[in-house]
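Generate coordinates for the entire structure from the input sequences, incorporating the hints supplied.
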Amino acid sequence: MRSSASRLSLWLLLTPFVLWIVLLVLLPHLQMLRVSFQVRESWDTLTWGLQQYQNFFTESYYWRTFVRTGVMSLFTTFLTLIIAFPIAWYIARLARGRSKGLLFMACLIPFWASELVRTYGWMILLRESGLFSSWLQALGWVDGPVEMLYNDVAVIIGLVYNGLLFMVVPLVTTLDGMDENLVEAGYDLGGGHGTVLREIVVPWAMPGIVSGCIVVFMLTLGSYLTPVLMGGKDSAWFTQQIFTQFITRFNWEQGAALGVLLLVLSSVMVWLGLKVTGQSLRKVMG
Amino acid sequence: MARSPSSTRKHAVLLSAALATSVFASAAAAEELRLITWGGYAPDDVVAQFEKETGIDVQVTLSNNEDMISKLRATGGAGFDLAQPSQDRIVGVQRQFNIYKPIDFSRVNTDQLQPAMVKATQESTELDGQYYGVPSVWGTSGLIVHNSVADVVQDYTDLCDPAVAGEVSYRLKRPTLIGFAFAMGMDPFAAYDDRDKYQSILAKVQEKLIDCKDNVKTYWTGGDQLLALLRTGEVKAAMAWDAGGWKLNAENPEIRFVAPESGALGWIDTFAIPRRSENEEAAYKWINFVMQPEIAARITNESGNFTASKGADEYVKPALRDAYRESFDEAAINNIKWYPPVPPGLETLEGQVLDTVQAAN
Numbered sequence: 001m002r003s004s005a006s007r008l009s010l011w012l013l014l015t016p017f018v019l020w021i022v023l024l025v026l027l028p029h030l031q032m033l034r035v036s037f038q039v040r041e042s043w044d045t046l047t048w049g050l051q052q053y054q055n056f057f058t059e060s061y062y063w064r065t066f067v068r069t070g071v072m073s074l075f076t077t078f079l080t081l082i083i084a085f086p087i088a089w090y091i092a093r094l095a096r097g098r099s100k101g102l103l104f105m106a107c108l109i110p111f112w113a114s115e116l117v118r119t120y121g122w123m124i125l126l127r128e129s130g131l132f133s134s135w136l137q138a139l140g141w142v143d144g145p146v147e148m149l150y151n152d153v154a155v156i157i158g159l160v161y162n163g164l165l166f167m168v169v170p171l172v173t174t175l176d177g178m179d180e181n182l183v184e185a186g187y188d189l190g191g192g193h194g195t196v197l198r199e200i201v202v203p204w205a206m207p208g209i210v211s212g213c214i215v216v217f218m219l220t221l222g223s224y225l226t227p228v229l230m231g232g233k234d235s236a237w238f239t240q241q242i243f244t245q246f247i248t249r250f251n252w253e254q255g256a257a258l259g260v261l262l263l264v265l266s267s268v269m270v271w272l273g274l275k276v277t278g279q280s281l282r283k284v285m286g
Numbered sequence: 001m002a003r004s005p006s007s008t009r010k011h012a013v014l015l016s017a018a019l020a021t022s023v024f025a026s027a028a029a030a031e032e033l034r035l036i037t038w039g040g041y042a043p044d045d046v047v048a049q050f051e052k053e054t055g056i057d058v059q060v061t062l063s064n065n066e067d068m069i070s071k072l073r074a075t076g077g078a079g080f081d082l083a084q085p086s087q088d089r090i091v092g093v094q095r096q097f098n099i100y101k102p103i104d105f106s107r108v109n110t111d112q113l114q115p116a117m118v119k120a121t122q123e124s125t126e127l128d129g130q131y132y133g134v135p136s137v138w139g140t141s142g143l144i145v146h147n148s149v150a151d152v153v154q155d156y157t158d159l160c161d162p163a164v165a166g167e168v169s170y171r172l173k174r175p176t177l178i179g180f181a182f183a184m185g186m187d188p189f190a191a192y193d194d195r196d197k198y199q200s201i202l203a204k205v206q207e208k209l210i211d212c213k214d215n216v217k218t219y220w221t222g223g224d225q226l227l228a229l230l231r232t233g234e235v236k237a238a239m240a241w242d243a244g245g246w247k248l249n250a251e252n253p254e255i256r257f258v259a260p261e262s263g264a265l266g267w268i269d270t271f272a273i274p275r276r277s278e279n280e281e282a283a284y285k286w287i288n289f290v291m292q293p294e295i296a297a298r299i300t301n302e303s304g305n306f307t308a309s310k311g312a313d314e315y316v317k318p319a320l321r322d323a324y325r326e327s328f329d330e331a332a333i334n335n336i337k338w339y340p341p342v343p344p345g346l347e348t349l350e351g352q353v354l355d356t357v358q359a360a361n
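Sequence lines, in order, name chains G and E.
Under UniProt numbering, the first residue of the first sequence carries the number 1, and numbering increases by one thereafter.
Under UniProt numbering, the first residue of the second sequence carries the number 1, and numbering increases by one thereafter.
These aren't lab readings, by the way, just hints derived from the structure by calculation.
Since we're looking at a predicted model, the values are computed, not measured.
No residue lacks a Cβ here, since even glycine has one placed at the ideal position from N, Cα and C.
Warning: the hint list may mix true and false statements.
[Unchecked claim] Cβ pair distances, simulated, as ranges:
1. G:L50 / E:A165: 42 to 52 Å
2. G:Q137 / E:Q49: 48 to 58 Å
3. E:Q130 / G:R64: 40 to 50 Å
4. E:A74 / G:L12: 31 to 41 Å
[Claimed, not checked] The calculated lysine-lysine pairs, modelled on PhoX-like cross-linking and capped at a C-alpha distance of 25 Å, are:
5. G:K233 / E:K197
6. E:K173 / E:K197
7. G:K233 / E:K208
8. E:K285 / E:K71
9. E:K119 / E:K310
10. E:K310 / E:K204
11. E:K173 / E:K213
12. E:K310 / E:K285
13. E:K337 / E:K197
14. E:K71 / E:K119
15. E:K204 / G:K233
16. G:K233 / E:K173
[Claimed, not checked] Rough simulated footprint, nothing fancy, chain G against chain E, three-plus residues with beta-carbon under 8 Å:
17. 187-194
18. 199-205
Below, the structure is given as structure tokens:
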């Protein structure tokens, strides 16, 4: 009696979640998979086939953008980790009391504005008539206006900025729980900074590092606004290509195929990342 | 997030009051017109006047051609009562996705429209003996140039001149392909129905655009972005819409819209009724309302583009009229290349070219 009641309440609690997963995640993806195998014979007839996937491999601009997006996302993730680690270390281990909370807030506040606003902020700083350019001129370091926008560096800056919070939070959480004695013991046993970092701190923080990296990698790979607005004329992003196929070309079949490929890419990368670092998804996601 | 309990309660009260009112209002037969259109085509004061005169509530969604078509395609033509796609993008789309219903011209007050434009739109939106569009707003795309480079940039291909390297912007979309093709001495419209010929034109344009890439600062993607680029002087010449050029001209007389030597590209935006429109009556009321000369002039003042309404020019802001006359003399007007309907499948070809250009180094 009691157990059946609790089972019922469990199901009631789960229902919204299950509905959400099935209706908004699973079904659309299955639909997309189906559409990706449809081939438009002429303007009003459809048949099944692998045409879209063939297009992906034969048209070099598809797979080149794909590889580029993957590589740049990996690099962005790595850079975010390098930048976020000292910040997280300071917040978790060195800052005390009030300043800890303040620092954490400082990381969080930019995320109250939407991605669009943050990207425009960067555009105001980096553009030819922007702040950085006029400062450089005022300091007399350059003669004329400098264009810092519309290139890959600008895109990576924007993406790292967007990913920073999602790297800092898991790192702070794991570093917070580390025992100070472990670090001291490391030094006592004759380890230098490098050794202690490599042998004690990083292994301890590994779940945080991996979960942070997964989140940042996924966000970067799937980001749309930042590469479109800050990127130059050569810097196509894969999501941009998917958008174009769906919205401006009305080619849902090709768009769906590219979407499926992006999903496969991100899943494979996450799986590889977990394998290489010896983590499991359960451990990483706590 | 950090709302105090009292303010939350206040909100709850307000919300329930609002709910009660809305239920009450809908019980009192609140009619609604859901309009999907371009920025500037439904100015607030026009909407307010329409609501006051007819009692119909207008919901405006801002959009562009592709987005409009995608939205209607996703729902099979539901969700909106009236749309405003360009005339060249109706027939092909209608044949493929069936998202519009034919226009009942007996319900349109054609007396207040320019007959030539009605005829042109009917011809280009005809499918199986029925018409799918009423002309609404028209304009062109051409060149916006700063006086300092006006001698250099007189046609689309001049954007590739080394003299303006790094100070140029255009869109990576189909108007650019068409404009460049004309400027290179070809006629893409004449090749619309000849796939092979069109493909060969596109191949030449592709080569040109790849060569030209070094000259471009960035490919603009939105009107506001382009205006900002020109306003700050970061870009000196661009391929863009006339209305944007006139707007900039009003702010800075050094910047002008010019019709290119090979001809500006003319478009007409229409009124089209989505297939599952729920309030057709209101849609026709809106069409007849906004095409009155005095109202249409207000749309011109807001969007910067002229309308198909007869006699509306009289009420248009003098500055805008002057800017228009300066950009278009008689010859330039006669040289406008009007977009014919796009046959299905053409956009796929163009898409491949655009992607190749984007990916090229």
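Hint check:
1. G:L50 / E:A165: 42 to 52 Å: holds, 43 Å
2. G:Q137 / E:Q49: 48 to 58 Å: holds, 50 Å
3. E:Q130 / G:R64: 40 to 50 Å: This hint holds: roughly 45 Å between Cβ atoms.
4. E:A74 / G:L12: 31 to 41 Å: Holds, at about 33 Å.
5. G:K233 / E:K197: It is violated: about 28 Å lies between the C-alpha atoms, which goes past 25 Å.
6. E:K173 / E:K197: holds, 20 Å
7. G:K233 / E:K208: Within the cut-off at roughly 15 Å; holds.
8. E:K285 / E:K71: holds, 23 Å
9. E:K119 / E:K310: holds, 14 Å
10. E:K310 / E:K204: This hinted pair is violated, its Cα atoms lying about 41 Å apart.
11. E:K173 / E:K213: holds, 14 Å
12. E:K310 / E:K285: holds, 18 Å
13. E:K337 / E:K197: Cα-Cα ~19 Å, so holds.
14. E:K71 / E:K119: violated, 28 Å
15. E:K204 / G:K233: holds, 20 Å
16. G:K233 / E:K173: It holds: about 13 Å lies between the C-alpha atoms, which stays within 25 Å.
17. 187-194: violated (count 0)
18. 199-205: violated (count 0)
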